[in-house]
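Participant: Chains as they are written, first to last, in this note's numbering: chain A, 1 to 190; chain B, 1 to 377.
In case anyone wonders, no lab produced these hints; they're calculated from the structure.
Accuracy of the hints is not assured; some may be wrong.
[What the hints assert, rightly or not] BS3-like cross-link-like pairs, simulated, lysine-lysine; straight-line CA separation at most 30 Å: (1) A/Lys140 - A/Lys21; (2) B/Lys81 - A/Lys21; (3) A/Lys22 - B/Lys64; (4) B/Lys211 - B/Lys352.
[What the hints assert, rightly or not] With beta-carbon atoms standing in for the labels, derived distance ranges: (5) A/Asn19 - B/Lys359: 31 to 41 Å; (6) A/Val110 - B/Lys64: 24 to 34 Å; (7) A/Asn18 - B/Lys211: 26 to 36 Å; (8) A/Lys180 - B/Gln61: 13 to 23 Å; (9) A/Gln8 - B/Arg287: 51 to 61 Å; (10) A/Glu155 - B/Asn276: 39 to 49 Å; (11) A/Asp113 - B/Lys6: 39 to 49 Å; (12) A/Leu34 - B/Leu248: 40 to 50 Å; (13) B/Lys211 - A/Lys22: 28 to 38 Å; (14) B/Asp43 - A/Thr77: 39 to 49 Å; (15) B/Lys64 - A/Leu34: 21 to 31 Å; (16) A/Asn150 - B/Lys211: 21 to 31 Å; (17) A/Lys14 - B/Ser181: 28 to 38 Å.
[Unchecked claim] Part of the chain A face toward chain B, derived, beta carbon under 7 Å: (18) Ile24; (19) Ser29; (20) Tyr32; (21) Tyr162.
Think of the CB as a built atom: it goes at the ideal place given N, C-alpha and C, for glycine as much as any other residue.
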Amino acid sequence: MKDSILEQELGLLKGLANNDKKSIEIIYSQNYNLIQALILNNSGTTDDAKDIFQEAMMVLFDKARSGNFELSCQIRTYLYSVARRLWLKKLNQTHRYTADLDDTQETRVVVDDDVNEHEEKDAEFEMMYTSINHLGEPCKSLLEAFYFKNKSMQEIAEDFGYTNAENAKTQKYKCLMRLKKIFFSQYKKL
Amino acid sequence: MNDLNKERDIILLDAVERYVMSNMTPDERLQFEQLRKEDSDVDQMVVEHTLFLQKLNRFNQWKKFQTSLNEIHNHLSVQGKINAPSGKGKLVYLFNRFKKTAVIAASIAGITTLIISGIIGSVTTKTPKDQFEILKKDIHTLAKKSERQDQEINNLKQSGITAQTPEIPYTNSGTGFIIDSKGFLVTNNHVVEKAQNVAVQNRDGKEFIAKVVYRNPATDIAILKIEDPDFKPLPAPPYGFTKKSTDLAEPIFTLGYPREDIVYGQGYLSSKTGYNGDTLSCQIDIRAERGNSGSPVFNSNGEVIGILNARQRDAGGVAFAVQSRNIFNALSDLKEKSPSDSILKNIKLNTKSSLIGLKPSQQTKKIQDYIYMVKVN
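Same shape as in the complex, but just chain B (with noise of 0.2 Å):
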């Protein structure tokens, strides 16, 4: 097709989405069915993309119901007004809509599907082994109180100004790292999407309120900003950023938070692209999990060659990484919003890392103290 040819079917595909929804002048209107006499090209298209829009918007319309459905019932269940066992949440239930699809998917093209959002973990669950979980995070929550009992003591003893912050109770939780040492991070859109509170907690369980200072869907990338008056500011992170392609078949490994301890991944990078020839993301082999999402990937080097996103279903271990060159893509973005922030202006992301050379477990040990959980309600 043409250029010219493709600009004629552009404008008069708008003119059929104006006339079908109704935001014609009546002249326009008037003119427009005129053309649909005239032309049956134009007629059938016309029929063609009433129908499309019509499943279009009934799709919409079910989804909408769906989520509804699914917030009454984690909500009822809750409050114990229905009988359903309680913290089965949404995207668990994705999880199971899509275990319907995947069957319709693999017949259609052959190809396996790909839960795009399917890690993020879930905090509490409802499992004997999730209930294990949450007790232990009780047992956290304990200890961080007494610590700031003490704390307060102490305070009071010193000056008798206490700062208090109330306990939050998190749900899900995925990974995010830092990238300046101000207290930025880098996670996945997915993982704050919905988030009402953010929270991130170091590897010594110490947690830190957080703020998401932009979110870009079509990357899935997010830039959180820690805004917490315990946070002291880090030396600088000893990873590089890469804007670099990696060569197919490179080692890769990754850190991030499947549960409550940091865990170590090693993979290679097994496609340039991601799902479907996604040319914003590349392939890797690597074991990921729920609460991987937003994990970065390095290469042997120490340098993040991205973020860790997805994975695929009935796929091993294929998953897919949101390649670097989008954080600094993100980074400029934000700086354009906000042009008046000083301290957004003094980031600029490493791009030297002092890693080169070291052994994995070396280089995980300088690392570690970089990758943050994030946790969100």
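Excised from the complex, chain A in its bound form (with noise of 0.2 Å):
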């Protein structure tokens, strides 16, 4: 019984490593209301539990991504740790913070080095947001259709209306400049 959880938990996170729905829904399904409670059981909203939650997923997302991920401890409480540290900090940025959590009966993990990792990881997802989305159009679709969408330099031409690839080209390069100027003014300073 205990080797078939283990299998289907390793099964799960090879999914959510592969950005899976079906596998996200299930350990969303199984984990949320845990994790909702929690928050509002600590002064949260239903708000800040979808954003602790999701948060707290990223983490794992994270975690199966590397690869090395050792299954010490079962997806659920490890969730549950990632969540409960983070909702703890943003208690105490907002001095909202007053005693320990209101939580006794689950099990906990150590968490503190991921969730150290996952916050210098998010300011740096933050950054290339805010970078992209100070580029303005048609930089931004450009290159987001060049880099995540992985379109050709002659759809992209088609699509913007660049006379032919070469000028496309060129455009993308004078775009991708840019953003590489706003993001590593931003990077330095870390």
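Make one complex out of these two single chains by using the hints.
Facilitator: Below you can see the structure in the form of structure tokens.
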């Protein structure tokens, strides 16, 4: 019995790493209520619960993708520990933190390193997000088409109304240089 | 930087990208590695660009994952498999996400941030006020149903032929306006971007099925065509379209559907360029709300000068509009794409406004039947 649970969880993590909807859905539905209860019992709202749970899912996602996730505990325990840590930090930041969180029965593991690492990555994510949004159009859509949607220069030239792929390439180059400049100017401040 | 240098840089960067993404032939790869050894600048560029592409890739993976999370969250809460309140859409989430980012953005550039797709309204949300809205909509649907039943009975009496369209629950809305009497409307691309079904609703609450015939994410313009047997062609729109740029401080007004009823707003042109100097759009000072996306922006002559598409966070009434010359471009693009379409061929944007010299209230009266609510799901 124990083995099959372990196998099941490994399968779910593998699916998670590949952004497989079915796996994410299973993990989501099995753990959301637990974490929502934790947040609601500790002066949070349902919106907070959603944010915190999804952030914990991001931490798990990165962990699963890194490939070196040793399943030393169940997914549930891991998510719970991460969410708890994140919520404590948030309460601290907003000065709403009074004593320890009101929870006793759930088992927990130490996840401080993972959470810290996640926060660094999250800062980078925000930076990339703002950088891309600072670009303006058509640069934003053009770079997204090339790097995220894997469109060819030919397709991009047609979609954006450039006379040929060469012109589109020149435009892409300019946009990319701007993006890098914006991004790295913040990145170095870290 | 002179042109020759720039060209060299473009070629070099292209090579670096293909090298990093392993898109080189073995020969080319060997050559490139040689170059990398000899030229430390090239080597530095490879290192730096690899790092950047990694970050870009991770950003993309995260974004996709977040999208999945939100879809699943909504899906599960609607199905009741998790206890979260349902109906909170992705748009709202993006809005929340931005709150966090806004702090960073403001500290970097000293500029308040922009919610690009922030003004598509949400028809079904969970606050008490919105429940009221849902209620109102239910009544609407009921009224429509009985109207339809009456019509059906009539039809049965007359000929026995009935046309039945199933009710579709729409979740988000924006605004659109007629550009041609045969049922072509223009709105924002971000309003219809992820739509499966699109319908437009006139001032009387009549709903017509529409199809997206043109979309351009770069200019944020979309063209819709009403494809509904119930739709009867309108007289030509009274307003004109102008390619000329409007002068600073010139008064402008807009009509849109931030809620069930049409709403008039008044303001002035505050900058000839949009957010961050974007030349496709312009900046206006006007009250813009969710649901105003796609509203026409008129000058005092009743000429369309733009389409309202975004507002700036934390900056009062600052909003942005796509300049109307982009509508001209969109229409000619559309014509080029389907040269055999005879209806399309005859569409021309009216450049002469028949509203010159009228009072705002008179202008509004003549315009309002040409403004539609765009409903999507």
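Participant: Take the hints in turn and mark each one as holding or not.
Facilitator: Comparing the hints with the structure gives:
1. The hinted pair formed by A/Lys140 and A/Lys21 meets the criterion: a straight-line CA distance of about 27 Å does not exceed 30 Å.
2. For the given pair, B/Lys81 sits about 15 Å from A/Lys21 by alpha-carbon distance, which is consistent with the 30 Å threshold.
3. For the suggested pair A/Lys22 and B/Lys64, the alpha carbons sit about 15 Å apart, so the restraint of at most 30 Å is met.
4. A distance of roughly 28 Å separates the Cα atoms of B/Lys211 and B/Lys352; the hinted pair therefore holds under the 30 Å criterion.
5. In this structure the supplied range 31 to 41 Å is violated for A/Asn19 paired with B/Lys359, their Cβ-Cβ distance being about 57 Å.
6. For the pair A/Val110 and B/Lys64, the beta carbons lie near 30 Å from each other, so the given range of 24 to 34 Å is met.
7. For the hinted restraint 26 to 36 Å between A/Asn18 and B/Lys211, the CB-CB distance of approximately 35 Å keeps it satisfied.
8. Under the hint 13 to 23 Å, the C-beta atoms of A/Lys180 and B/Gln61, about 19 Å apart, fit the expected range.
9. Between A/Gln8 and B/Arg287, the C-beta spacing of about 54 Å keeps the proposed range 51 to 61 Å intact.
10. With their beta carbons about 26 Å apart, A/Glu155 and B/Asn276 fall outside the hinted range of 39 to 49 Å.
11. About 45 Å separates the C-beta atoms of A/Asp113 and B/Lys6, a value consistent with the hinted range of 39 to 49 Å.
12. Look at A/Leu34 against B/Leu248: about 57 Å separates their beta carbons, and that is not inside 40 to 50 Å.
13. At about 32 Å, the beta-carbon gap between B/Lys211 and A/Lys22 stays in the expected band of 28 to 38 Å.
14. Distance hint check: the CB atoms of B/Asp43 and A/Thr77 are about 46 Å apart, consistent with the given range 39 to 49 Å.
15. In this structure the supplied range 21 to 31 Å holds for B/Lys64 paired with A/Leu34, their Cβ-Cβ distance being about 26 Å.
16. In this structure the hint that A/Asn150 and B/Lys211 lie 21 to 31 Å apart at CB holds, the actual value being about 28 Å.
17. A/Lys14 and B/Ser181 have their C-beta atoms about 57 Å apart, which leaves the hinted 28 to 38 Å range violated.
18. Hint status for A/Ile24: holds, given a least beta-carbon distance of 6 Å to chain B, under 7 Å.
19. Because the beta carbon of A/Ser29 sits about 5 Å from the nearest beta carbon in chain B, less than 7 Å, this interface hint is met.
20. For A/Tyr32, the shortest C-beta to C-beta distance to chain B is roughly 4 Å, which falls under 7 Å, so the interface hint holds.
21. With 7 Å as the threshold, the beta carbon of A/Tyr162 stays out of range of chain B, its nearest partner Cβ sitting at about 11 Å, so the hint is violated.
The structure does not agree with the numbered hints 5, 10, 12, 17, 21 stated previously, though it agrees with the rest.
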